[in-house]
Amino acid sequence: MATDITQSVPDQNIPENEAIGEINKYDFVTPTTDVFKAERGINEEIVAQISEMKGEPGWMRDFRLEAYRIFESKPMPKWGGAINIDFQDIYYYLKPTSEQGKTWDDVPQEIKDTFDKLGIPEAEKKYLAGVKAQFESEVVYGSLQEDLGNKGVIFTDTDTAVKEHPELLREYFGKIIPSTDNKFAALNSAVWSGGSFIYVPPGVKIDFPLQAYFRINAEQMGQFERTLIIVDEGAEVHYVEGCTAPMYTTESLHSAVVEVMVKKNGRCRYTTIQNWANNIYNLVTKRAMAYENALMEWVDGNLGSQLTMKYPAVYMMEPGARGEILSIAFSSKGQHQDAGAKVVHCAPNTKSRIISKSISKNGGRSSYRGLCKVEDNATDCKSNVVCDALILDSDSRSDTYPYIEVEEQDVQIEHEASVSRIGEEQLFYLMSRGLTEAEASSMIVSGFIEPLIKELPMEYAVEMNRLIELQMEGSVG
Amino acid sequence: MSETLKITDLHVAVEGKPILRGVNLTINRGETHALMGPNGSGKSTLGNAIMGHPNYEVTGGKIELNGEDVLEMDATERSRAGIFMAFQRPMAIPGVKMADFLRHATTNVRNPERKEGEELIPMRQFRKELKDKMEQLKMDVEFARRYVNDGFSGGEMKRAEILQLAMLRPKFAILDETDSGLDVDAVKLASQSIAEIGGAEMGILIITHHDKLLDQNVPDFTHVMLGGKLVETGGVELAQELYTEGYERIRAAYPEAAAAEEEMAETEALAH
Numbered sequence: 001m002a003t004d005i006t007q008s009v010p011d012q013n014i015p016e017n018e019a020i021g022e023i024n025k026y027d028f029v030t031p032t033t034d035v036f037k038a039e040r041g042i043n044e045e046i047v048a049q050i051s052e053m054k055g056e057p058g059w060m061r062d063f064r065l066e067a068y069r070i071f072e073s074k075p076m077p078k079w080g081g082a083i084n085i086d087f088q089d090i091y092y093y094l095k096p097t098s099e100q101g102k103t104w105d106d107v108p109q110e111i112k113d114t115f116d117k118l119g120i121p122e123a124e125k126k127y128l129a130g131v132k133a134q135f136e137s138e139v140v141y142g143s144l145q146e147d148l149g150n151k152g153v154i155f156t157d158t159d160t161a162v163k164e165h166p167e168l169l170r171e172y173f174g175k176i177i178p179s180t181d182n183k184f185a186a187l188n189s190a191v192w193s194g195g196s197f198i199y200v201p202p203g204v205k206i207d208f209p210l211q212a213y214f215r216i217n218a219e220q221m222g223q224f225e226r227t228l229i230i231v232d233e234g235a236e237v238h239y240v241e242g243c244t245a246p247m248y249t250t251e252s253l254h255s256a257v258v259e260v261m262v263k264k265n266g267r268c269r270y271t272t273i274q275n276w277a278n279n280i281y282n283l284v285t286k287r288a289m290a291y292e293n294a295l296m297e298w299v300d301g302n303l304g305s306q307l308t309m310k311y312p313a314v315y316m317m318e319p320g321a322r323g324e325i326l327s328i329a330f331s332s333k334g335q336h337q338d339a340g341a342k343v344v345h346c347a348p349n350t351k352s353r354i355i356s357k358s359i360s361k362n363g364g365r366s367s368y369r370g371l372c373k374v375e376d377n378a379t380d381c382k383s384n385v386v387c388d389a390l391i392l393d394s395d396s397r398s399d400t401y402p403y404i405e406v407e408e409q410d411v412q413i414e415h416e417a418s419v420s421r422i423g424e425e426q427l428f429y430l431m432s433r434g435l436t437e438a439e440a441s442s443m444i445v446s447g448f449i450e451p452l453i454k455e456l457p458m459e460y461a462v463e464m465n466r467l468i469e470l471q472m473e474g475s476v477g
Numbered sequence: 001m002s003e004t005l006k007i008t009d010l011h012v013a014v015e016g017k018p019i020l021r022g023v024n025l026t027i028n029r030g031e032t033h034a035l036m037g038p039n040g041s042g043k044s045t046l047g048n049a050i051m052g053h054p055n056y057e058v059t060g061g062k063i064e065l066n067g068e069d070v071l072e073m074d075a076t077e078r079s080r081a082g083i084f085m086a087f088q089r090p091m092a093i094p095g096v097k098m099a100d101f102l103r104h105a106t107t108n109v110r111n112p113e114r115k116e117g118e119e120l121i122p123m124r125q126f127r128k129e130l131k132d133k134m135e136q137l138k139m140d141v142e143f144a145r146r147y148v149n150d151g152f153s154g155g156e157m158k159r160a161e162i163l164q165l166a167m168l169r170p171k172f173a174i175l176d177e178t179d180s181g182l183d184v185d186a187v188k189l190a191s192q193s194i195a196e197i198g199g200a201e202m203g204i205l206i207i208t209h210h211d212k213l214l215d216q217n218v219p220d221f222t223h224v225m226l227g228g229k230l231v232e233t234g235g236v237e238l239a240q241e242l243y244t245e246g247y248e249r250i251r252a253a254y255p256e257a258a259a260a261e262e263e264m265a266e267t268e269a270l271a272h
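Chains as they are written, first to last, in our numbering: chain A, 1 to 477; chain B, 1 to 272.
Isolated chain A, as found in the complex (with noise of 0.2 Å):
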């Protein structure tokens, strides 16, 4: 029942180069000395090397290899954009130095460097026992607030975590989303590498969020990091992420896979802003359970890539559970953003909403993909979804394919779609008052997104306005 609601021709005509400028302040590569690269492409043995050079237990190998299986096996995806990738010519691990940094001080100069040039110093200072920072494949520094540890909160890379907490992992590691469940799911399960993960002991609440930073800084490096997250009966917690990733001339591939796991009366949200270089396909499975009372918040922000296919989950488990996904979407010329949510409910008495918003603009294409399904006897549920599309240009494109399905009638499911167009009286009004058009249109793109933004910590907020207004640099005229 999609429904297709397409307001202009896909783009056509348009200048090369015309977006090439828009992301360069993040077009630097930072030459790195590389202590271990896998061989470009994918097979068996490259696989079970990756789980030998990375000192895995058996359990660990085996079920990569079972994923390349399954990997091999499966299909590319059917909707969203067209993928064109060729396997084989991607390097899937990378290992930039030999130790996991301990303190800021062991951080390798030219990975600081990177750093600096995105800014994360001033984060580092504000969060510094907090930070994660992911720089390739493997988390290269992070350190942990000593009191999370007392209280006893993991918060470590996936990798680290798979050695020290194999009880944990051998529990929930791929349970939430297992190999099968998809093409990059299952190339993820076979090849991932680093990662955030957290666990969160019953009843402990964690007030400021936990932040981890992702770089993908080598050319054909593709970036397979997997995030697990527990929260335990009444603990709570706040996880951020976001993603700068520099320009490239061929294509770059982001696969990555979250699961989280909020248990009764459990809170988790967790925020990703994710700005992308424009040959980055950026194909991600996230996906949360929440069990009685338990509340799961998705809030995601999307920028950049060639490609993004991204429809974070919430699976409400047992009576009460709820999810919450705030979605932002935009893209300009070469980039297709084909995002949404899911949200399942399993059982009664659960509540999900769903606000998507988009823009695209300069030619750029941007679907909203959305999945509310309630199951038989998930009596007494409620659903809404309000999904709102900003049209910047005659280029660009947005489309709107909402499926429900419902196998139970005592429910109550509100979808609300709109599209609009920037108003010629709102940049009038003002234009008006001072402001140049290219002023204006930021300024109105800027309130369509406030409802998220506002959602967002103080730092995130102020990078997400500062990438938007470089995107909307010379989008006008």
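Do not take every clue at face value.
Below, a list of computed lysine-lysine pairs in the BS3-like style, where the Cα atoms sit at most 27 Å apart [said to hold, decoys possible]:
1) A:Lys454 / B:Lys128
2) A:Lys454 / B:Lys131
3) B:Lys188 / B:Lys138
To be clear, the hints were calculated from the coordinates, so they are not data collected in a lab.
Model, not experiment: these values are computed from the prediction.
Use these hints to put chain B onto chain A, whose structure you have.
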């Protein structure tokens, strides 16, 4: 030398339909002009054309600000040159706070050479000024945190426009029915405010149906628009006459303009 906004034989069309058919008007800085006329006679069109709305096509004539060609400027440049219009129905900009919007607007108008991305006026200075002006206009400071015109009542919108006028301090201001939708007290407050924020230093064109706004802002001249032309100009007594007596005498005295007005009304009716 006194500063002047000079309109000469202005013709304006909207969607190809002629609305203004030769308007002549000169406003000197420091003067207050009232513009009256029946609905649909072209009053708001004149305001929008002066402000540079892209849908109002100037098909003939001139608009000059101190001898400079205003028609060459876009709305941004006109605003920065010192022209302001308080809109009858200002647009809502959801998600944009009044304070942020006003800070951008104030910076740009005071620093016409400013390029995008250059410094805004310092926050501390701006806040103080905004707070002072809001107190003067008896507005709750909470107002500054609301989204521009989003969910505003009619009265709130008009007061927000006056607040902008106060902050931007233009050389020339067009007030398009700033009194409509306001109750008697609100009109009184609005008109006092306009007088207080230095109306005397501006050249003001007040578009109105009522005489209340004119109590505190006594017009030096009253113009009557009919069928897209200014047919008569007088003093404050003309405004009072039109308010109490209506436009019968005017229509009778200017049959040609009255015929044009009727024609415009018919075209309008057909279009809807």
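A quick look at each hint next to the structure:
1. In summary, the hint linking Lys454 of chain A to Lys128 of chain B is supported, as the alpha carbons are separated by about 25 Å, within the 27 Å threshold.
2. At roughly 24 Å between alpha-carbon atoms, Lys454 of chain A and Lys131 of chain B fall within 27 Å of each other, so this suggested pair holds.
3. The hinted pair formed by Lys188 of chain B and Lys138 of chain B meets the criterion: a straight-line CA distance of about 13 Å does not exceed 27 Å.
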